[in-house]
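Okay, here's what each chain looks like letter by letter:
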Amino acid sequence: MELKLPLSLSKGTIRSLYKAGISIGFALLLTSILFLLTGANPFLAFYYIFAGAFGNISLAAETLVRTTPILLVSLGLAISFRCKVWNIGAEGQLYMGAMLGTITAVALGNTPLTLIISLFVSIVGGLLWASVPAFMRARLGINEVITTFLMNYVSIYLIQWLLAFPFRSPDTLFPESAQIPSSAVLPVLVPYTRLHLGVVIALFVALPLVHFLMMRTTFGYKLKAVGENPEAAKYGGINVGRTMLLALIISGALAGLAGFVEVSGIQFRMRPSLSPGYGYTGIVVALLGQNNPLGVALASIFLAAIFNGSTTMSRALNQPQGVVDFIQGVLVIFVLASEYILRYLEKKGVVKI
Amino acid sequence: MQNPLFFLKRSVEGKATTIQADQHPSSEYALYVKGINKTYPNGIVANRDVSVSVMWGEVHAILGENGAGKTTLVKIISGCLKPDSGEIYIDGKKVDIDSPLKAVSLGIGMVHQHFTLIPSFTVAENIALSLPLKGRLSLDHVKEKIKSVSEVLNLKIDPDARIEQLPVGLRQRVEILRLLCQDVKILILDEPTSVLTPIEVEDLFRMIRELKSKGKSIIIITHKVREALAISDRVTIMRGGRVVKTLMTKDSNESELASLVVEGFCPSLKIEHVGRGDPILLVKDLKVKGDRGEIAVKGISLVLHSGEILGMAGVAGNGQKELVEAITGLRRAESGTILIKNCDLTNNPPKSIIRNGVAYIPEDRMRRGVILTMSVSENLVLKNFEDPPYSKGMIMDKGAIERSASELITRFGIKASDPWITVNSLSGGNIQKLVVARELSNGASILIAEQPTAGLDVKASEGVHQKMMELKSKGVGILLVSADLDEIVRLSDRILVIFEGRIVGEFTRDNCDIQKIARLMLGAPV
Amino acid sequence: MIEWALIIGFIAAGIRTSAPLMLASLGETIVERGGILNLGIEGAMLIGAFTGFMGAFLTGNLWIGLLMAILGGILTVLVFGILVVRINLDQVVSGLAINLLAAGLCLYFFRLAFSQGAFPYLSELIGPYPIPLLSQIPVIGDVLFNQTIFVYVGIIAVPITYYLIFKTSYGLKLRSVGEDPLVAAYLGIDVSRIRYTALILEGILVGMAGGLLCLSMFNVFDTRIVAARGFVAVSIVILGRWNPVGALAGSLLFGFTEALSLWIGTFLIGPASASISQLLSLLPYLVTLIALLIGGRRVRGPAALGSPFSKE
Chain E
1 MELKLPLSLS KGTIRSLYKA GISIGFALLL TSILFLLTGA NPFLAFYYIF AGAFGNISLA
61 AETLVRTTPI LLVSLGLAIS FRCKVWNIGA EGQLYMGAML GTITAVALGN TPLTLIISLF
121 VSIVGGLLWA SVPAFMRARL GINEVITTFL MNYVSIYLIQ WLLAFPFRSP DTLFPESAQI
181 PSSAVLPVLV PYTRLHLGVV IALFVALPLV HFLMMRTTFG YKLKAVGENP EAAKYGGINV
241 GRTMLLALII SGALAGLAGF VEVSGIQFRM RPSLSPGYGY TGIVVALLGQ NNPLGVALAS
301 IFLAAIFNGS TTMSRALNQP QGVVDFIQGV LVIFVLASEY ILRYLEKKGV VKI
Chain F
354 MQNPLFFLKR SVEGKATTIQ ADQHPSSEYA LYVKGINKTY PNGIVANRDV SVSVMWGEVH
414 AILGENGAGK TTLVKIISGC LKPDSGEIYI DGKKVDIDSP LKAVSLGIGM VHQHFTLIPS
474 FTVAENIALS LPLKGRLSLD HVKEKIKSVS EVLNLKIDPD ARIEQLPVGL RQRVEILRLL
534 CQDVKILILD EPTSVLTPIE VEDLFRMIRE LKSKGKSIII ITHKVREALA ISDRVTIMRG
594 GRVVKTLMTK DSNESELASL VVEGFCPSLK IEHVGRGDPI LLVKDLKVKG DRGEIAVKGI
654 SLVLHSGEIL GMAGVAGNGQ KELVEAITGL RRAESGTILI KNCDLTNNPP KSIIRNGVAY
714 IPEDRMRRGV ILTMSVSENL VLKNFEDPPY SKGMIMDKGA IERSASELIT RFGIKASDPW
774 ITVNSLSGGN IQKLVVAREL SNGASILIAE QPTAGLDVKA SEGVHQKMME LKSKGVGILL
834 VSADLDEIVR LSDRILVIFE GRIVGEFTRD NCDIQKIARL MLGAPV
Chain D
880 MIEWALIIGF IAAGIRTSAP LMLASLGETI VERGGILNLG IEGAMLIGAF TGFMGAFLTG
940 NLWIGLLMAI LGGILTVLVF GILVVRINLD QVVSGLAINL LAAGLCLYFF RLAFSQGAFP
1000 YLSELIGPYP IPLLSQIPVI GDVLFNQTIF VYVGIIAVPI TYYLIFKTSY GLKLRSVGED
1060 PLVAAYLGID VSRIRYTALI LEGILVGMAG GLLCLSMFNV FDTRIVAARG FVAVSIVILG
1120 RWNPVGALAG SLLFGFTEAL SLWIGTFLIG PASASISQLL SLLPYLVTLI ALLIGGRRVR
1180 GPAALGSPFS KE
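Protein chains in written order, with my numbering: chain E, 1 to 353; chain F, 354 to 879; chain D, 880 to 1191.
It is possible that part of the hints are untrue.
[Stated by the list, open to error] Below, a list of computed lysine-lysine pairs in the BS3-like style, where the Cα atoms sit at most 25 Å apart:
#, chain 1, residue 1, chain 2, residue 2
1, D, Lys1046, F, Lys487
2, F, Lys642, E, Lys84
3, F, Lys869, D, Lys1046
4, D, Lys1046, F, Lys500
5, E, Lys348, E, Lys84
6, F, Lys538, F, Lys567
7, E, Lys11, F, Lys500
[As the list claims (entries may be wrong)] A short list of chain F residues far from chain E (calculated; beta carbon distances all over 12 Å):
#, residue
8, Val448
9, Ala611
10, Pro703
11, Leu725
12, Thr726
13, Asn732
14, Asp740
15, Asp771
16, Thr775
17, Ala813
18, Thr861
Simulated from the structure, these hints should not be mistaken for laboratory data.
Yeah, the Cβ is synthetic: ideal placement off N, Cα and C, and Gly gets one too.
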C-alpha cells in the first residue's frame, strides 16, 4: 500500500522535510546515547523534556515566551542566510536593540507612544549595528563573518559599561538599567502566565511578513538570486551589493526588535545577561529551518521546547543543566550533513523521492 | 571576382570510409587505439568505435569540427576521461589509463586548451609540482632539469618568471616543457594554435618538428584544415563522433580535407543583407581595465546600426570580454562614452542598460547566464522580474511568470518537463536555448551575442543563427563577438577586427578578405 | 628606574598575550594557504582549552593538560576537515557549525563534570621558563627569554611555518592546492591528503593556543574564555597577507593592544578609573575591526580560498 500525503508537496519541500527529519533524528539519537552514558533513561528523559515544554498551559505559555526572541532572530537570519550573507552578529544586534529601546523607554517615561517608539528605536538600533559590517561587506568586500562576530564583543562590552556607569539604575546593586515605564511593557495575553504580546508580534506579524517578503516579492527573488549565483544576479541587473546590505541590516533590525521585546515582555530592565545566546540559537534555527520562514517557525518552537523542557528534565532526572546546548551543537552538524546523508540513503535505495 | 565566402561552399563528394585498423598492434606504433566508445551521462554520444594509430616520430593531426569528438578522444587517451569500451596500446602493449598521472607514467601527456598552470607560481615551481619531490624543495635541481631539457630543443625560457606575466605562447611552451621534464614521449596538443599569434604559431611548429626529429610522437587536435596540412604527417578526420578517414597528409589537399570535415550538411539558412537603419549603439574612445588592472580596452570606437549584424573578430583575450562587459554595465569604463539610442549610458548599472533594450548572451552560460539552482521559470524572468506583468510593485505574480515560461519553452523548444524544475536538470544545449529564449524575447533593440554557438552542434547552431536573422530583419542591431571566423564572416554585415584592445581593421561584405582578417586577428602586418 | 622596569614589564606582557594569537594565526595561515577558510578555529581553541583544563585538573599534571589540549584541537579540526574535505560542505557554514558544536559540548560537559556552584581551578599554571644565560641579558633577556614555553613555540613556529610553506615540496603542493585544486589534482597531487595534513598541523597549534588560555593565562575554564581570539587570528591572517611573518606582526599588534588595555587600567586613579578601564576591554575588538577596515579591503588571498572542491 502506498501512503499518500494529504498535501501535494513539491520534491524540494519533501527533501527539506527529510533533511530536517534526518538532522533531528540523528541529534536525538546522539542525545539518547549521552543519556544512557550518564545513567538516565532516554525515553524518560525525552518524556520529561516534552512534559516540561508542553505539560500544562503555563508551561506551554513559557515555551511560546521562549520561542518569541528565537523566532524573531532566526527569521532575520533566514533572510540574510538566503543570500549567503553569514550574519553571526545577531547576539550583538539584539543587545544593541534592547539597550537603545530601553534607554528610549526610560527617557520617554509614561506616554501612550512609549511602547511603539521604543520598539521602533530597537529596530533601528539593531539595524544600525548591523549596517557597519553590512557596509564593510557590500562596499569593501570584508568578510562579514569576522566583522559581525567581533561586533558582538564590542556591543557586549559597551553595554556592560553603559549599564555599569552611565545608565546604571540608582536603586539596584547590579549593573542594570532602571525599570522601563509601565506603558512600555508588552501586555500579558493569558492571565497567570508570562505570555505577552511579543509572541503575537513574532508569530502573527513578523512571520507572515517575512514569509511574504521572501516568497512573493521581488526582494525575495533578489535574495535567492544573489545567494545562488551573484555573478548571474549582477548580469540580470540586480544590485548585488545593495541586496547583501539590505539582507544584513534587515536581519539586524529583527534581532534588535527581539532584544527589546525580551526587555519589555519579560525582564523590564536591560541586563548584561539579557540573552542566553539567542543570537547563536537563531543560527541553528535558521539552518534547521533551511531558511524557509515556516520551517524556521517550527524549528524555533522545537528549540524553545528543548530549552525549557530540558530544565524540567535536568531537575527530575538529576542531570546537569544545558542539554539544550549539547543538542543545539550536534543538531547544527547534522543539519549540514543531512544533504549528504539523504543522498547516501537515496543511493542505497532506502529513501525514494 | 571570387566570392569571399568560397570556403563555405561545402562539397559533398569524396565518400568517407572508416579505416580498418591493423589487427595486431606492433611496437612500431607509439599509440594504438581501438574501438573507443564514449557516451556522456547527458546522452550525448561523443565517440563511436573510434580507432587511431600513431607511429613513433610522427605528427598526427586529428581534424574535425566542434563537437566531432576530438577532444573526448584525446581526453580518454590522456586519462582524463574513462571510455565506455575500447582498448589502448602503447608500444604494442595493452594499457589501462585511469588518470592523467598514469598516462604520464606511460609516456603520454596532453596540453589542454585551458592550461593547467598556476598563474601565481613561477615556471620552475609549476614544473616542480609535476615531478616526484619529497622533503626540502630544491628548485635549483628543477631549474637544472629545465635548462638541460630546453637546451636540447633550443627553447628559451626563464625558470624564475611568473606564469601570469608570460604571454600565452610562452605559457604553452611551459606546458610542453613540463611534459618533456616528465619524460613524455607522446605529446597531445589540443587546439594549440587557437590562442597564438602567427609568430608564435611558427615557433610552435618549429618546436613540433624539433620534437619529431628527437623521435617523439605528436598528436595535434585542430579544426583548421590548413594547419593539419602544414604540420602533420598523417591526418585523421573525425565527424559526429566517428573516424571518417585517416590519410597521408602529403597525398591529400585542402579541398579534400575540407569536404571530409563537413560532409553531409547543407546550411539551409538564408542570409539576407538588408539595408541598415540608424545608429543605435555608439562607443567612443572607450578604455577599460582588465581583471589584473591592466588596460584591456585601449580606446575603442564603434557604431552599431539597427538591422545590422556587426561581427567582432579576434582571438580570445584581446579585450572583447572587457568591451562587452563595459557596454553591458558589468565593468567600469575608465574613460570614453557609450551611447545607446543617443542616451549616454556610460558606467550605468546593468539594470539601466537592460531597461534601455540591450540583450546579452554571455559566453559563460553556466556561471553568468543562468542560476543553476533556480527554476526554469525564474531564470526566464531574470532580466525583467521587476516589470509588469511579472510583478506589480514589489509583488511577483507567479501565474504570469509561469504562463510566459510555458510559452517560451514551447516556442524555443526547450526540453523541460515542467517550468518549475531547476535549471541544473537541463542539458547544456537546453540551457543555451533558455538563455537565447530569455534574451531574444525581451523586445530588445540591441543584442550582444558572445560566442553564441560555442559548444553547440551544427544543427543547434543553425537554430541560433536563424533566430538572429529574424531579429535582424525586425531591426535589431546585433554585435556578434566570436572567435569562430566562419561564423563571423557568414553572418556579419560588417566586421571589426580586435587585437590587443584596439580595433585594427574594418571590413564590409564587399571588401571582405578572409586572409587579411585572419592576419589582423593575429596582429600580423598586412 | 621604576618606569623603565614598568615598560619592560609591559613589553613582556604584550608578547605573552600575543602567544595564543601567534599560534592560532600561524595554524590558520597554513590551512588558508591550502585553500581552506577555517572559521571553526574559535571552536577548536575552546575545545583545546576545555580538554587542556580537564586533563590538567584530573591528573594534576599541566603537561598532560597541554597534551590533551593538542589532542582536543586536532580532533575538532579533523571534524571540520570531514565536513569540508570529505563531504565538500560550505566552509563558512561548517566553521560556524564547529563553533556552535564546541560551545554546546563544552558547556554541557563542564556542567556534567562539576556540580553547580563548584568552582574548579588549577592550583598552578605553566609559568615562565627563563632560558639559561640568555635570560640574563639585560632588557632583551627579560622581554624575550623569560617567557612561557608557548611564547618560545610561537616565535620558533614562525620560521618553521615559513620554511614549510615556501621551502618544502609539501609547501609547494599546499600552495598549489590553495590556488587551484583542480589543476593540482590533475597533476596527481592528493588534494585531500594535503589538506588533512595542513588541518592536523593547524589542530596542534590551535589546540596549544586554546590550552594556553587555561594552563598559562587563567587557571579556570569558562566557555567564554576564547573571547573571539580565533576570529582575531583569522583577521590577522588576512592582514598579514597569508605570510607567517605577517601573522607574527599582526599577533604582536593585537597582543600589545590587549596588554595595553589592561596596562592603562592599572595606572588610572580617580573616580572615573573603574569606568574607563572597563570600557578599555573592548579596545582589542575595535582595533581589529579598524585594522580590517584599513587593511582588509578586497585583498587577494589564495585563489581557491573558501571554495568547495570536488573531483567530479
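Status of each hint after checking the structure:
1. D:Lys1046 <-> F:Lys487: Holds. Lysine 1046 of chain D to lysine 487 of chain F sits at ~11 Å (cutoff 25 Å).
2. F:Lys642 <-> E:Lys84: Since the Cα atoms of lysine 642 of chain F and lysine 84 of chain E sit roughly 29 Å apart, the hinted pair is violated (cutoff 25 Å).
3. F:Lys869 <-> D:Lys1046: violated (50 Å)
4. D:Lys1046 <-> F:Lys500: This hinted pair holds, its Cα atoms lying about 21 Å apart.
5. E:Lys348 <-> E:Lys84: This hinted pair is violated, its Cα atoms lying about 31 Å apart.
6. F:Lys538 <-> F:Lys567: The hint holds at about 10 Å.
7. E:Lys11 <-> F:Lys500: Violated - the C-alpha atoms of lysine 500 of chain F and lysine 11 of chain E are around 60 Å apart, more than 25 Å.
8. Val448: At roughly 31 Å from the nearest Cβ of chain E, valine 448 of chain F sits farther out than 12 Å, so the non-interface label holds.
9. Ala611: With a cut-off of 12 Å, alanine 611 of chain F remains clear of chain E, as the shortest Cβ separation is near 38 Å.
10. Pro703: violated (5 Å)
11. Leu725: violated (7 Å)
12. Thr726: Given a closest Cβ separation of 5 Å, the condition is violated.
13. Asn732: violated (8 Å)
14. Asp740: violated (10 Å)
15. Asp771: violated (10 Å)
16. Thr775: Non-interface label fails for threonine 775 of chain F: nearest chain E Cβ at 8 Å, not farther than 12 Å.
17. Ala813: holds (22 Å)
18. Thr861: Per Cβ check, threonine 861 of chain F is outside 12 Å of chain E; nearest 32 Å; holds.
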